[in-house]
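Trainee: Now for the letters of each chain:
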Amino acid sequence: MKMKLKLKVNGAELEAFIEPHTTLQDLLREDLDFTGTKEGCSSGMCGACTVLVDGKAVKSCLIIALQCQGKEITTIEGLARGEQLHPLQTSFIEHGAIQCGFCTPGMVLTAKSWLDENPNPSEEDVRLGISGNLCRCTGYVKIVDAIMATVAKNK
Amino acid sequence: MEYSVIGKPVKNVDAWKKAMGIAKFTGDLKIQGMLYGKILRSAYPHARILKIDTIKAKKVLGVKAVVTGKDLPKSLFGTVIKDRPAFVTEKARFMGDEVAGVVAVDKETAEEAIDLIDVEYEELPAVFDPLEAMKKGAVLVHEKLHEYAHVPIITVKKGTNICGHTKLRKGDVEKGFKEADLVVEDTFTAQPIQHCQMEPHSVIAHVDGLRNITIWASTQSAYVTREAIATGLGLPANKVRVIVPYIGGGFGGKYFLKAEAQCVMLSYVVRKPVKLVLTREEVFTATSVRQPLIAEMKTGVNRDGRIVARQCRLIWDTGAYADIGPNISRNAGISAAGPYEIPNVCVDSYTVYTNNPVSGSFRGLGMPQVTFAIESHMDMIAEKIEMDPLEFRLKNVEKEGSIGATGQVLHSVGLKECLQKAAAGGKWIPKKKANKKTGKLTGIGIACVHKTTATPTSSCAFLKLNNDATVEIITSGVDLGQGSNTVVTQIVAEELGISPEQVVVSPPDTLMSPFDLGTISSRLTFHMGNAVKRAAEDARQEILNIASDMLDTNPDELELRDGRVIVKRNPKKGIFLKEMPLGGRYVTGIGHPVLGKGTFCTAREGAVIDLETGQGANASVFWMYGAQAAEVEVDPETGEVKVKKIVAAHDAGKVINPLLLEGQFEGSLVMGLGGTLLEELVWENGRTLNPSFVDYKLPNAVGLPEMVSIFVEEPHREGPYGAKGIGEPLTACIPAAIANAVYDATGIRIENLPITREKILWALKEKEK
Numbered sequence: 001m002k003m004k005l006k007l008k009v010n011g012a013e014l015e016a017f018i019e020p021h022t023t024l025q026d027l028l029r030e031d032l033d034f035t036g037t038k039e040g041c042s043s044g045m046c047g048a049c050t051v052l053v054d055g056k057a058v059k060s061c062l063i064i065a066l067q068c069q070g071k072e073i074t075t076i077e078g079l080a081r082g083e084q085l086h087p088l089q090t091s092f093i094e095h096g097a098i099q100c101g102f103c104t105p106g107m108v109l110t111a112k113s114w115l116d117e118n119p120n121p122s123e124e125d126v127r128l129g130i131s132g133n134l135c136r137c138t139g140y141v142k143i144v145d146a147i148m149a150t151v152a153k154n155k
Numbered sequence: 156m157e158y159s160v161i162g163k164p165v166k167n168v169d170a171w172k173k174a175m176g177i178a179k180f181t182g183d184l185k186i187q188g189m190l191y192g193k194i195l196r197s198a199y200p201h202a203r204i205l206k207i208d209t210i211k212a213k214k215v216l217g218v219k220a221v222v223t224g225k226d227l228p229k230s231l232f233g234t235v236i237k238d239r240p241a242f243v244t245e246k247a248r249f250m251g252d253e254v255a256g257v258v259a260v261d262k263e264t265a266e267e268a269i270d271l272i273d274v275e276y277e278e279l280p281a282v283f284d285p286l287e288a289m290k291k292g293a294v295l296v297h298e299k300l301h302e303y304a305h306v307p308i309i310t311v312k313k314g315t316n317i318c319g320h321t322k323l324r325k326g327d328v329e330k331g332f333k334e335a336d337l338v339v340e341d342t343f344t345a346q347p348i349q350h351c352q353m354e355p356h357s358v359i360a361h362v363d364g365l366r367n368i369t370i371w372a373s374t375q376s377a378y379v380t381r382e383a384i385a386t387g388l389g390l391p392a393n394k395v396r397v398i399v400p401y402i403g404g405g406f407g408g409k410y411f412l413k414a415e416a417q418c419v420m421l422s423y424v425v426r427k428p429v430k431l432v433l434t435r436e437e438v439f440t441a442t443s444v445r446q447p448l449i450a451e452m453k454t455g456v457n458r459d460g461r462i463v464a465r466q467c468r469l470i471w472d473t474g475a476y477a478d479i480g481p482n483i484s485r486n487a488g489i490s491a492a493g494p495y496e497i498p499n500v501c502v503d504s505y506t507v508y509t510n511n512p513v514s515g516s517f518r519g520l521g522m523p524q525v526t527f528a529i530e531s532h533m534d535m536i537a538e539k540i541e542m543d544p545l546e547f548r549l550k551n552v553e554k555e556g557s558i559g560a561t562g563q564v565l566h567s568v569g570l571k572e573c574l575q576k577a578a579a580g581g582k583w584i585p586k587k588k589a590n591k592k593t594g595k596l597t598g599i600g601i602a603c604v605h606k607t608t609a610t611p612t613s614s615c616a617f618l619k620l621n622n623d624a625t626v627e628i629i630t631s632g633v634d635l636g637q638g639s640n641t642v643v644t645q646i647v648a649e650e651l652g653i654s655p656e657q658v659v660v661s662p663p664d665t666l667m668s669p670f671d672l673g674t675i676s677s678r679l680t681f682h683m684g685n686a687v688k689r690a691a692e693d694a695r696q697e698i699l700n701i702a703s704d705m706l707d708t709n710p711d712e713l714e715l716r717d718g719r720v721i722v723k724r725n726p727k728k729g730i731f732l733k734e735m736p737l738g739g740r741y742v743t744g745i746g747h748p749v750l751g752k753g754t755f756c757t758a759r760e761g762a763v764i765d766l767e768t769g770q771g772a773n774a775s776v777f778w779m780y781g782a783q784a785a786e787v788e789v790d791p792e793t794g795e796v797k798v799k800k801i802v803a804a805h806d807a808g809k810v811i812n813p814l815l816l817e818g819q820f821e822g823s824l825v826m827g828l829g830g831t832l833l834e835e836l837v838w839e840n841g842r843t844l845n846p847s848f849v850d851y852k853l854p855n856a857v858g859l860p861e862m863v864s865i866f867v868e869e870p871h872r873e874g875p876y877g878a879k880g881i882g883e884p885l886t887a888c889i890p891a892a893i894a895n896a897v898y899d900a901t902g903i904r905i906e907n908l909p910i911t912r913e914k915i916l917w918a919l920k921e922k923e924k
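Residue numbers (the working numbering), protein chains in the order written: chain D, 1 to 155; chain A, 156 to 924.
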């Protein structure tokens, strides 16, 4: 039986009727076409599907969409202001932190949520912060560089 | 020579779209009327299919079709050997084999219906050990191997499980062993690992009412995919169109058909677009893995450190289907003696069918596995002749003009410099004798590598110029994330005197973009780079011809610089590209539209090696060289190997983009680290016991070593600006470098990858006794 869900996605109020078992990942990708949220393992291990729920990084394959009743979701598509990229996005581009780009949305959003809570982290902290997000292309070096550069700029 | 764009850290041209999440990957696409596919795979590693009952599955609301092999045209697919049906009919040969498929209105319905298909199997005796599989009378995985079509460059053995046998013969090894002061023999093994591209394999196929087929696929080669589908189905090539959207990593695992044939067959039945996205478990169990290897090495050496003879017997477990296995046996086989000048070499490299999961290409095409064997063996020999391992290597390494094991006169060989720089960066301490250390267990190890590139192959490119001096590059080069779109952008910008921002690269689409073999074998910068450079030179000449009319001068007196054609002797006189009708004339103006065309093929002569001797004077158009030093600390309490630092020095020829190249170094080193210390697919009687990121551990961002990337730039005469390839060999040195460092630290020699805590702990305990 379909149930009613009210939430905000990337700033827009939405109402949807969905099956109760629908994951947030499926809602975003299949129903709302926010395909920047990637599907890498559907078991919470790779982090490619990470989105922000009320500002906190959440693996969208692991939560049921109905758990997001009344909440505010930010996907990678909602991070930039129009064509004005978020400083993390710019930093990822400048530092060569993006290769295939499949982990990038989750990595950027995890980093954002983490930096919001820990504005002055060490490199070790940053590595720990993104340890739930896998990347097979970059060896993480340039991703960490990109995040640390953003931290330095914020100082 | 000073370049304006080549050699500069130009940012990845696709990064903006990827950073914003608007780059569309195959799984992100929706085609009008699209349905969803799902595959039922074999429950046994080797079993006869007696009956498939699809009645219950067909009754599920929303199911459009349930497909079995019997519903389909009899087709065998395969690029090297045509040995694989899209859906099995008689028997299943491994646990990933496709037994049936469902097409439904959504994913959930397809999954529900799959569970309702009843299959009656008769389990057959199976073979999982490649050594057993090679024996006379072994269970045959393919009884009709002799009837299969295969490419002429491989040898298959009728009535056996051996679907590839590469021979390399140079000099006389037996004589060499007799003459040598010492003969050393060791055996090594390398485990199966998985590519773990972050994007699972994804396909959308649409077979229309006239059997025109369109495929959107996460594949490393649009044309190889098209060829395999068209020949498998007996269709003209131009009835099959393959489009490659953005792709989330490849590493070899998305080369050759993986899910494309199944998706096409599902669409063939319903004649509507069908999307098939594999689950992570399917990626682990049913696509392909890195080939496990058994390597027996035997070397004759003199006390002065000269290697006299080397014999290698390599046994590769390709699993249930050949995939690219025979080519791995060939390319790694002709490289198995290592990058050394050895007068007598004999290699026998066998590809063997078993009922294990299928092995395929994996970054390095066998060289990470073989290099582990060669380079561990080198250190073990060095110890026996009481010579420093670095000195021993330097004494034997190939250099410019050396004659390689295939008889090729080698060119552009930066190996010596790589070894010296890697050693210097890792603060190499010469080891005259076996290290007898106490206290803190630290050590350093070194290893080097050479690798071929697929030869002969070809690439093509078109350029389309526009009136505002912007350019479109039309190629089938697949950018897996390594940055080939950026490299070709730089080349066109350099040649046409424009900025990279003025260039756009097309996605591969066989209806429009010309042939390329694929993103494999570290070949794209060299081959596609050359093709694009030629296309740009073609366009530039045309531009100069038009400008010569407009400026009333000879084309030879003109040059293109900073978006302007100028008269060389009078640079004030000229015309901006923007003022020229390069894209097309609408009503007025002079000149004509400019299209550039470039093709690049490597020479065939000497490239196709002799099947009996492995000799070929141009076996590889270029060879890749590199060396790495690893510093480790071993914890005697837990057996943990902590890699403190890796220094990698590789010869890429002229570096086109240092930022992207560094990314290749770092990504490869961490991948190599994973394959050395963490990763192993655990197989038990054909079943994969750890097909998830929970049980199969990949490196994450924590606890990684310091990594130092050193570029050695030995130019190649045929490479664009002197560039060669680099993507694969970077992963190949680490296993041996770490194994050698662990030995240096502990005196324990690990001969079987991966190097786990358990192995070290047991060995330490054994040593104490």
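Because the hints were derived from the structure by calculation, they are not lab data.
A hint or two may mislead.
Listed below are the simulated BS3-like cross-link pairs for lysine-lysine, each with C-alpha atoms no more than 25 angstroms apart in a straight line [unchecked claim]:
#, chain 1, residue 1, chain 2, residue 2
1, A, Lys172, D, Lys2
2, A, Lys237, A, Lys185
3, A, Lys172, D, Lys56
These stretches of chain D come out as covered by chain A in the derived footprint (C-beta under 8 angstroms, 3 or more residues) [unchecked claim]:
#, stretch
4, 62-74
5, 87-93
6, 96-107
7, 126-135
8, 141-155
Think of the CB as a built atom: it goes at the ideal place given N, C-alpha and C, for glycine as much as any other residue.
Trainee: Please go over all the hints and tell whether each is borne out by the structure.
Mentor: Results for each hint:
no., hint, result
1, A:Lys172 - D:Lys2, "violated, 35 angstroms"
2, A:Lys237 - A:Lys185, "violated, 32 angstroms"
3, A:Lys172 - D:Lys56, "holds, 24 angstroms"
4, 62-74, "violated (count 0)"
5, 87-93, "holds (count 4)"
6, 96-107, "holds (count 9)"
7, 126-135, "holds (count 9)"
8, 141-155, "holds (count 4)"
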